[in-house]
Each structure stands twice: as C-alpha cells, then as structure tokens.
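If you're matching positions, the sequence shown starts at 1 in the working numbering and goes up one per residue.
Since the hints were made in silico from the structure, they are not lab data. Each hint should be verified, as a subset may be incorrect.
Claimed, not checked - With beta-carbon atoms standing in for the labels, derived distance ranges:
#	residue 1	residue 2	range
1	PHE4	ARG124	34 to 40 Å
2	VAL3	GLU163	19 to 25 Å
3	ALA84	GLY130	34 to 40 Å
4	GLN15	GLU127	22 to 28 Å
5	GLU82	PRO157	32 to 38 Å
Using N, Cα and C, we set each Cβ at its ideal position, and we do this for glycine too.
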Amino acid sequence: MNVFEAIATRRDVRQYTDDPIKPDDLDQILEAGRRSPSSSNEQRWDFVVVTDRSELQDLSTVWQGAKHVASSAATVALVAPEPADEGGRLSTHYDLGQTTMCMMLAAVELGIGSAHAHVEDQNRAREILGFPADLTCPWMVAFGYPADRPLQVIRHPNRRPLEEVVHRGRW
Numbered sequence: 001m002n003v004f005e006a007i008a009t010r011r012d013v014r015q016y017t018d019d020p021i022k023p024d025d026l027d028q029i030l031e032a033g034r035r036s037p038s039s040s041n042e043q044r045w046d047f048v049v050v051t052d053r054s055e056l057q058d059l060s061t062v063w064q065g066a067k068h069v070a071s072s073a074a075t076v077a078l079v080a081p082e083p084a085d086e087g088g089r090l091s092t093h094y095d096l097g098q099t100t101m102c103m104m105l106a107a108v109e110l111g112i113g114s115a116h117a118h119v120e121d122q123n124r125a126r127e128i129l130g131f132p133a134d135l136t137c138p139w140m141v142a143f144g145y146p147a148d149r150p151l152q153v154i155r156h157p158n159r160r161p162l163e164e165v166v167h168r169g170r171w
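Could you build all of it, start to finish, from the sequences and the hints given here?
Below is the structure:
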C-alpha cells in the first residue's frame, strides 16, 4: 500500500474485534509516531500504551467522546509538557496532531483501524496512566481491528470537492 492509498483508506473506527494487535505491529505504529515531524525537532511527546482491558475501560471515562477506547485492542495516550504560552501550546498540539496521523496511517497499512479522542479529565488520566504532574495528556488514539467492515479505499469520501477547497495563487 502506498501513502496515498493509506490516506484514502483511513477512516475513524470506533468498533473493534476482540483480536489483540501483534506486539511487532504495535511497535511499528509507535515507531511511526516517534518518527513524525516536530517543531524544531523538539519531540515533545511520550507515549503510554494501554492494552489491559480494565485499564482501557477506565481510560474511556476521561472524556464523554472516548467510549470507543474501552473496546480497543490498544490505546496510545500522548503525553507532553504543559506549554508556558499560547505559541508553545499551539506548536505542541500541531506536533501531537502530526504524531497522531503518522500512527493512524501506519495502522492502516497493517489493517488496523483507529480513532482519536480528547482527554478532558486530566486528573483521572494521570491516576490511570501514572504520568508526572508537570505533564498533560491532551489526546489518545485507540487502535484495533475494525468490527464492522475491513479497511478499504473510500472511493467517494464525504469531503468538499477539491476545486471548492483549493485556491491557486490567491483566494
């Protein structure tokens, strides 16, 4: 599968089979995250990988939109320093978004679905994951094999037409 095929195939998957992800496949996904671009190559991230079912269920309570985490085969929590200013916050979140997408695209190639989730309750996340008080966990990504249908190229995505989105030279 080439990169464009992975992009055209990726979709949010929130229902997973009970099949575990092979450790080598999970490591490949994590390696994709580790290699993702980073502002000034600061690499302001650490990953906490959760595969234990009871911990996944606990982790699914940190935000109302994270219910899918409970049934995932693995969820990766993205942990980073709490930026001191707005510029640092925006830069860190941009980097974490790139890390998220690199992991999601690597998962597609392996036939593994994914969906990200926000972390609203930082205290609960810190209690479950054990990360230090001076760090924050703004996002997590759930991974697992799709329960509804396998991943395949989406021929007609629900997206605005390219000619409506692209402005060449000026608006």
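Exercise. How does the Cβ-Cβ distance of VAL3 and GLU163 compare with 19 to 25 Å: does it lie in that range?
Worked result: holds, 23 Å
Exercise. Would you say the C-beta atoms of PHE4 and ARG124 sit inside 34 to 40 Å of each other?
Worked result: Holds, at about 39 Å.
Exercise. Lying within 22 to 28 Å: is that true of the beta-carbon distance GLN15 to GLU127?
Worked result: Given a distance of about 27 Å, which is inside 22 to 28 Å, the answer is holds.
For this session: Return holds or violated for the Cβ distance of GLU82 and PRO157 against the range 32 to 38 Å.
Result: For PRO157 against GLU82, whose Cβ atoms are near 36 Å apart, the range 32 to 38 Å holds.
For this session: Return holds or violated for the Cβ distance of ALA84 and GLY130 against the range 34 to 40 Å.
Result: Once the Cβ atoms are compared, 24 Å apart, the range 34 to 40 Å for GLY130 and ALA84 is violated.
Going through the hint list in order, the structure does not satisfy hint 3, though it satisfies all others.
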